[in-house]
Amino acid sequence: MGLAFLIVLCLIAFSSIYFFVMKTWWFQLGASTAAAGLDHQFVNTGVAMAVAFLVAQVGLGIVLWKYRDRGDASRAGYYRGDSRPEVLVIVLAACLFMALDIGVDLLGGHLWAAERFRPAQPGATVVEVNAMQFVWYFRYPGPDGKMGATRPELEDASAGGESAIGLDTRDAASKDDFVTGVMVVPVNREVEVILRAHDVIHSFGMPAMRFKQDAVPGLAIHAHFTPNRLGDFDIVCSQLCGLGHYKMHGIVRVVAQEEFDKWQAAREAEKQ
Amino acid sequence: MASLASTAAVTGSGISVGNGITDLHGRQDYATRLRRARLGLFVAVTPILMLFISFTSAYIVRQGLPTFDPGTNSLTRDWIPVHLPSILLVNTCVLLLSSLGVELARRQIKKETALVFAAPSPAAPSVAGKGLPWLSMTLLLGLLFLFGQWTAWRQLAASGFYVATTPSSSFIYLLTGTHAIHLIGGVIALFVAAMASVLHRAVTTRSIMVDITAWYWHFMAVLWVYILCLLEFAS
Amino acid sequence: MATQEFAAHGTHAHAAPQGFIRKWIFSLDHKVIGMQYTLLGIVAVFVGMFLSLLMRLHLVWPSAVLPFLGEIKPETYLSLVTMHGTIMVFFVLTTAPQAGFGNYALPIQIGAPDMAFPVLNMLSFWITFLAFLSAVGAFFVTGGAPLHGWTGYPPLSVLQSSGPGEAAGADLWGISIALFCVGALLGALNFITTTLDMRARGMSLMRMPLTCWAWLLTAILGLLAFGVLLAACILFLLDRNIGTSFFVPLGTINGVVTAHKGGSPLLWQHLFWFFGHPEVYIAILPSMGIISQILSVFSRKPVFSYKGIVYSMLTIVGLSFTVWGHHMFVSGMSPYSGYAFSITTMAITVPSAVLTFCWLATLWRGKIRFTTPALFGIGFVSLFVSGGVSGPFLAQPALDIPLHDTYFVTGHFHLIMGVASMFGILGGLYYWFPKMIGRMMSESLGKMHFWITFVGAYAIFIPMHYLGLSGHPRRYSSLTEVGYLHDLIPVQRFITIAAFITIAGQLLFVVNLCWSLFKGKKASDNPWEATTIEWTTATPPPHDNFGGLTPVVTNGPYEYGVPGAARDYVMQTDPAVATATGD
Numbered sequence: 341m342g343l344a345f346l347i348v349l350c351l352i353a354f355s356s357i358y359f360f361v362m363k364t365w366w367f368q369l370g371a372s373t374a375a376a377g378l379d380h381q382f383v384n385t386g387v388a389m390a391v392a393f394l395v396a397q398v399g400l401g402i403v404l405w406k407y408r409d410r411g412d413a414s415r416a417g418y419y420r421g422d423s424r425p426e427v428l429v430i431v432l433a434a435c436l437f438m439a440l441d442i443g444v445d446l447l448g449g450h451l452w453a454a455e456r457f458r459p460a461q462p463g464a465t466v467v468e469v470n471a472m473q474f475v476w477y478f479r480y481p482g483p484d485g486k487m488g489a490t491r492p493e494l495e496d497a498s499a500g501g502e503s504a505i506g507l508d509t510r511d512a513a514s515k516d517d518f519v520t521g522v523m524v525v526p527v528n529r530e531v532e533v534i535l536r537a538h539d540v541i542h543s544f545g546m547p548a549m550r551f552k553q554d555a556v557p558g559l560a561i562h563a564h565f566t567p568n569r570l571g572d573f574d575i576v577c578s579q580l581c582g583l584g585h586y587k588m589h590g591i592v593r594v595v596a597q598e599e600f601d602k603w604q605a606a607r608e609a610e611k612q
Numbered sequence: 004m005a006s007l008a009s010t011a012a013v014t015g016s017g018i019s020v021g022n023g024i025t026d027l028h029g030r031q032d033y034a035t036r037l038r039r040a041r042l043g044l045f046v047a048v049t050p051i052l053m054l055f056i057s058f059t060s061a062y063i064v065r066q067g068l069p070t071f072d073p074g075t076n077s078l079t080r081d082w083i084p085v086h087l088p089s090i091l092l093v094n095t096c097v098l099l100l101s102s103l104g105v106e107l108a109r110r111q112i113k114k115e116t117a118l119v120f121a122a123p124s125p126a127a128p129s130v131a132g133k134g135l136p137w138l139s140m141t142l143l144l145g146l147l148f149l150f151g152q153w154t155a156w157r158q159l160a161a162s163g164f165y166v167a168t169t170p171s172s173s174f175i176y177l178l179t180g181t182h183a184i185h186l187i188g189g190v191i192a193l194f195v196a197a198m199a200s201v202l203h204r205a206v207t208t209r210s211i212m213v214d215i216t217a218w219y220w221h222f223m224a225v226l227w228v229y230i231l232c233l234l235e236f237a238s
Numbered sequence: 115m116a117t118q119e120f121a122a123h124g125t126h127a128h129a130a131p132q133g134f135i136r137k138w139i140f141s142l143d144h145k146v147i148g149m150q151y152t153l154l155g156i157v158a159v160f161v162g163m164f165l166s167l168l169m170r171l172h173l174v175w176p177s178a179v180l181p182f183l184g185e186i187k188p189e190t191y192l193s194l195v196t197m198h199g200t201i202m203v204f205f206v207l208t209t210a211p212q213a214g215f216g217n218y219a220l221p222i223q224i225g226a227p228d229m230a231f232p233v234l235n236m237l238s239f240w241i242t243f244l245a246f247l248s249a250v251g252a253f254f255v256t257g258g259a260p261l262h263g264w265t266g267y268p269p270l271s272v273l274q275s276s277g278p279g280e281a282a283g284a285d286l287w288g289i290s291i292a293l294f295c296v297g298a299l300l301g302a303l304n305f306i307t308t309t310l311d312m313r314a315r316g317m318s319l320m321r322m323p324l325t326c327w328a329w330l331l332t333a334i335l336g337l338l339a340f341g342v343l344l345a346a347c348i349l350f351l352l353d354r355n356i357g358t359s360f361f362v363p364l365g366t367i368n369g370v371v372t373a374h375k376g377g378s379p380l381l382w383q384h385l386f387w388f389f390g391h392p393e394v395y396i397a398i399l400p401s402m403g404i405i406s407q408i409l410s411v412f413s414r415k416p417v418f419s420y421k422g423i424v425y426s427m428l429t430i431v432g433l434s435f436t437v438w439g440h441h442m443f444v445s446g447m448s449p450y451s452g453y454a455f456s457i458t459t460m461a462i463t464v465p466s467a468v469l470t471f472c473w474l475a476t477l478w479r480g481k482i483r484f485t486t487p488a489l490f491g492i493g494f495v496s497l498f499v500s501g502g503v504s505g506p507f508l509a510q511p512a513l514d515i516p517l518h519d520t521y522f523v524t525g526h527f528h529l530i531m532g533v534a535s536m537f538g539i540l541g542g543l544y545y546w547f548p549k550m551i552g553r554m555m556s557e558s559l560g561k562m563h564f565w566i567t568f569v570g571a572y573a574i575f576i577p578m579h580y581l582g583l584s585g586h587p588r589r590y591s592s593l594t595e596v597g598y599l600h601d602l603i604p605v606q607r608f609i610t611i612a613a614f615i616t617i618a619g620q621l622l623f624v625v626n627l628c629w630s631l632f633k634g635k636k637a638s639d640n641p642w643e644a645t646t647i648e649w650t651t652a653t654p655p656p657h658d659n660f661g662g663l664t665p666v667v668t669n670g671p672y673e674y675g676v677p678g679a680a681r682d683y684v685m686q687t688d689p690a691v692a693t694a695t696g697d
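Residue numbers (the numbering used here), protein chains in the order written: chain W, 341 to 612; chain B, 4 to 238; chain R, 115 to 697.
Treat the hints with care, as some may be off.
Which chain B residues stay away from chain W? Per the calculated CB distances, all over 10 Å, these [as the list claims (entries may be wrong)]:
id: 1; residue: 31
id: 2; residue: 39
id: 3; residue: 41
id: 4; residue: 64
id: 5; residue: 66
id: 6; residue: 70
id: 7; residue: 84
id: 8; residue: 114
id: 9; residue: 118
id: 10; residue: 120
id: 11; residue: 121
id: 12; residue: 158
id: 13; residue: 169
id: 14; residue: 184
id: 15; residue: 190
id: 16; residue: 201
Below are the DMTMM-like pairs computed for lysine to aspartate or glutamate, each with C-alpha atoms no more than 25 Å apart in a straight line [claimed, not checked]:
id: 17; chain 1: W; residue 1: 587; chain 2: R; residue 2: 595
id: 18; chain 1: R; residue 1: 561; chain 2: W; residue 2: 409
id: 19; chain 1: W; residue 1: 611; chain 2: W; residue 2: 484
id: 20; chain 1: R; residue 1: 375; chain 2: W; residue 2: 496
id: 21; chain 1: R; residue 1: 375; chain 2: W; residue 2: 511
id: 22; chain 1: R; residue 1: 633; chain 2: R; residue 2: 682
id: 23; chain 1: W; residue 1: 587; chain 2: R; residue 2: 185
id: 24; chain 1: R; residue 1: 375; chain 2: B; residue 2: 235
id: 25; chain 1: R; residue 1: 421; chain 2: W; residue 2: 422
id: 26; chain 1: W; residue 1: 406; chain 2: W; residue 2: 426
id: 27; chain 1: R; residue 1: 421; chain 2: W; residue 2: 426
id: 28; chain 1: R; residue 1: 375; chain 2: W; residue 2: 422
Simulated from the structure, these hints should not be mistaken for lab results. All of these numbers come straight from a predicted model, not from anything done at the bench. Idealized CB from N, CA, C, for every residue including glycine.
Produce the entire structure from the sequences given, and follow the hints as far as they go.
Here is the structure:
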């Protein structure tokens with residue numbers, strides 16, 4: 341039975357780690373400036389944890405095999421773990437693990453700070469992300485650079501676009517706002533998102549951008565990311581929001597700056 | 004001695020039969036039961052405290068909480084303080100008085116118990132009637148307090164503040180209502196303690212019941228003063 | 115047994131009850147109540163497993179039409195998710211190892227005739243049972259069970275029109291949890307008072323079996339945490355039914371403007387997780403106590419560092435109230451708070467690592483007997499490590515960004531909380547069955563049950579980490595709407611097949627249990643040759659546990675392999691052998 345454990349534990353440990361090392365199932369190819377740092381930190385943590393995992397599982401297997409009851413008259417060793425050297429070993433193990441954790445934390449701490457401790461840079465592309473059951477709408481501020489007022493009582497989901505988010509056209513700042521179903525942003529420039537939810541909590545997740553932030557009713561949450569690759573990327577709702585949670589899918593389309601300017605000018609022209 | 008020990012069957016609910024009370028065994032038994040009951044009350048009071056601490060933190064958070072107003076694209080605060088009905092001060096006095104009452108009842112039955120231990124008699128162990136007036140007074144004052152709270156709620160409603168009217172009114176009803184529910188538990192305990200006397204339960208049992216009820220009652224009184232201060236001053 | 119000493123004078127025990135109702139239904143005997151709770155846990159785990167089986171089938175065969183249930187719609191899937199989580203966390207993990215085994219074994223292990231407050235104990239079981247009925251009842255009301263997940267975040271869970279099941283179903287869910295809180299608090303009251311006040315002579319705190327420490331610390335956690343959950347439930351039910359706005363701000367739902375305004379969904383999350391994180395330790399600590407016991411018994415040596423284990427558990431209890439924000443890194447909470455929570459979360463991994471080290475060191479240089487309880491104890495250690503190493507990824511807020519609300523989280527908590535704790539429960543059941551029933555369970559069926567469950571659990575939950583890395587969100591009822599999820603369907607299929615086999619393997623346990631109840635080999639008083647007090651009593655123990663006597667304790671609980679002793683184990687109540695812990 342001890343040998344069976346050793347074999348099974350080794351199989352489980354090595355096969356689990358194998359798929360991580362081979363990146364058989366891995367993060368999507370990064371499309372933002374944050375991706376490289378995050379992926380690197382993941383690998384750092386992974387190595388540390390893999391070592392701990394292997395040592396513990398294989399160690400367990402070896403101990404089970406080596407110290408199995410062989411049916412003889414011998415007794416187990418009477419170690420109670422309260423002698424000085426034994427206590428020292430325990431303290432050492434604790435310190436080692438603490439160092440591992442702190443080390444890993446220190447390595448990655450700046451990533452969070454860079455993402456979240458500072459507001460968006462001036463000149464960032466501003467997009468208001470509107471989340472509602474079960475669709476994403478994106479509002480752009482137009483030439484005046486200001487988001488106009490919206491009112492819940494004006495929301496009309498069937499009319500789509502501006503009406504769906506309840507845009508209050510009486511407000512001067514609203515007149516040039518336009519709403520799209522696809523989030524278009526220019527590459528290599530910071531994007532500031534203002535996250536708003538109209539009904540329940542949703543979460544704006546873009547796996548390729550390594551970005552996720554809940555959209556909470558009653559709040560307008562500011563966050564930012566910088567796309568650095570062209571293409572269409574998935575937006576997946578990442579907080580249970582009702583029966584349509586699985587189909588609350590969106591697209592973020594990263595285009596060259598010139599193409600974005602053209603697209604934006606065309607949409608703004610429609611609003612005049 | 005052995006027969007005394009075996010007949011002094013004590014269940015966890017504190018009902019004792021037989022006469023294993025006044026011997027050394029009974030005295031140790033009484034001390035043990037009292038200590039255990041008090042420990043139990045201390046433990047039981049902790050989650051009640053946690054309940055009110057949770058409500059307090061929700062109250063403080065909610066007061067300062069900004070909410071996004073889409074009409075102005077800015078954060079606004081919507082806390083409207085509510086004027087507390089002045090009857091609450093009267094109720095407070097009633098409750099504090101009742102606390103005094105139950106404390107007197109507790110001390111009285113302690114004396115009664117000590118007397119029984121000092122001069123043991125093989126006769127019927129209960130000395131009925133002595134502790135009754137204080138307990139009944141507390142019971143009446145407790146009911147008066149609850150009636151006063153009910154009046155306060157009626158006054159609030161009359162001035163237009165129901166449970167869901169504003170967040171501040173919600174908290175007033177929530178805090179005072181939850182306190183009242185727990186006080187009703189105390190009232191029931193008082194009633195049972197008073198009944199124990201009428202039903203001639205052993206003085207040791209009655210002593211423990213009154214002791215626990217009294218400490219619980221004091222806790223409810225202190226909690227009430229805290230709630231009142233929170234509602235009045237933390238705005 | 116001639117080697118233990120008992121005080122020769124009477125204890126105050128209530129007379130044994132007569133009649134079926136008083137003996138088995140409304141019993142005041144902690145042993146019966148413990149078995150009632152254990153039975154409730156077993157019923158609940160099968161309900162929970164059945165729900166998860168339906169979930170797994172739907173994910174990979176969405177158009178399957180099941181007998182009696184028909185086709186599973188998205189909202190049905192989510193109600194399965196919600197009730198699976200609710201039933202498993204509350205009625206299995208929080209109930210079986212603590213209220214189940216704790217009620218049965220704690221008084222005996224500390225040498226007490228019963229719990230401190232038997233009437234409250236009985237009440238706590240029946241309130242918990244009512245709570246379970248309320249939870250299951252949610253499936254049968256109009257709209258069905260709620261779809262908001264066991265975490266019940268508002269406004270989804272508060273707005274009655276936010277989805278099917280969010281009307282009466284969600285109310286029953288809230289009531290169930292509120293009732294559960296009350297039952298759990300009454301239980302905690304008994305555990306704490308009994309452990310602090312009713313230990314037999316010589317049973318100092320540092321001579322208590324580690325199971326008793328675990329039950330005590332779990333009860334303390336529960337005492338402090340369930341009150342907060344109850345507060346949250348009260349506010350929840352008020353928001354839903356009276357129109358208050360604790361949790362719900364102004365918004366719309368289904369095109370209708372809500373009647374609420376100004377509330378904060380984050381307030382619920384803070385209250386819920388302030389309870390929620392201690393809750394996961396409530397789920398795991400009793401199992402830690404049980405397997406610490408089991409590993410020592412079946413290695414035939416003392417636990418390696420009794421004090422290390424006690425202090426680690428104490429540290430976990432203290433720290434567990436400081437880490438709740440790691441569930442809320444991307445919730446909209448202040449990122450500075452997020453950083454602080456990350457530090458406390460990293461800190462709490464240290465005592466867990468010390469515990470694992472102590473368990474490994476207990477097995478080291480042991481004389482390991484691979485009985486069924488031992489297998490589950492060993493399995494616990496492996497699963498705890500596996501679930502544990504995925505924690506530090508999630509504890510870093512930056513790494514939590516891509517992993518939050520993905521299957522990575524699901525794999526993590528199932529391994530470390532679900533399955534590990536379940537192994538503690540199963541280990542405890544196989545271990546104490548002989549004492550409870552007086553018969554042995556089949557070892558061969560038990561071993562088969564272990565291996566299928568152990569390998570099966572890994573096959574189910576390790577692949578979920580890969581899904582999470584690939585960006586697969588949680589709680590998606592269908593994988594057809596998002597392109598990259600298509601490619602992950604084969605992994606989901608693998609998981610479903612593994613789940614099917616593992617759940618089928620649990621039938622071995624049911625067969626073993628039912629057969630052994632009546633036909634198992636008769637058990638001696640101490641079949642495992644263990645040292646704690648419950649193995650000195652008759653099998654099954656008499657009504658007051660010790661037949662009118664009181665144990666006197668002279669030794670520690672893990673005196674195995676004592677040099678110079680006649681046998682390789684010394685009972686806690688044996689005065690004849692001087693051990694290092696006798697004084």
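Honestly, which of those hints from before does the structure not fit?
-> 6, 22, 28
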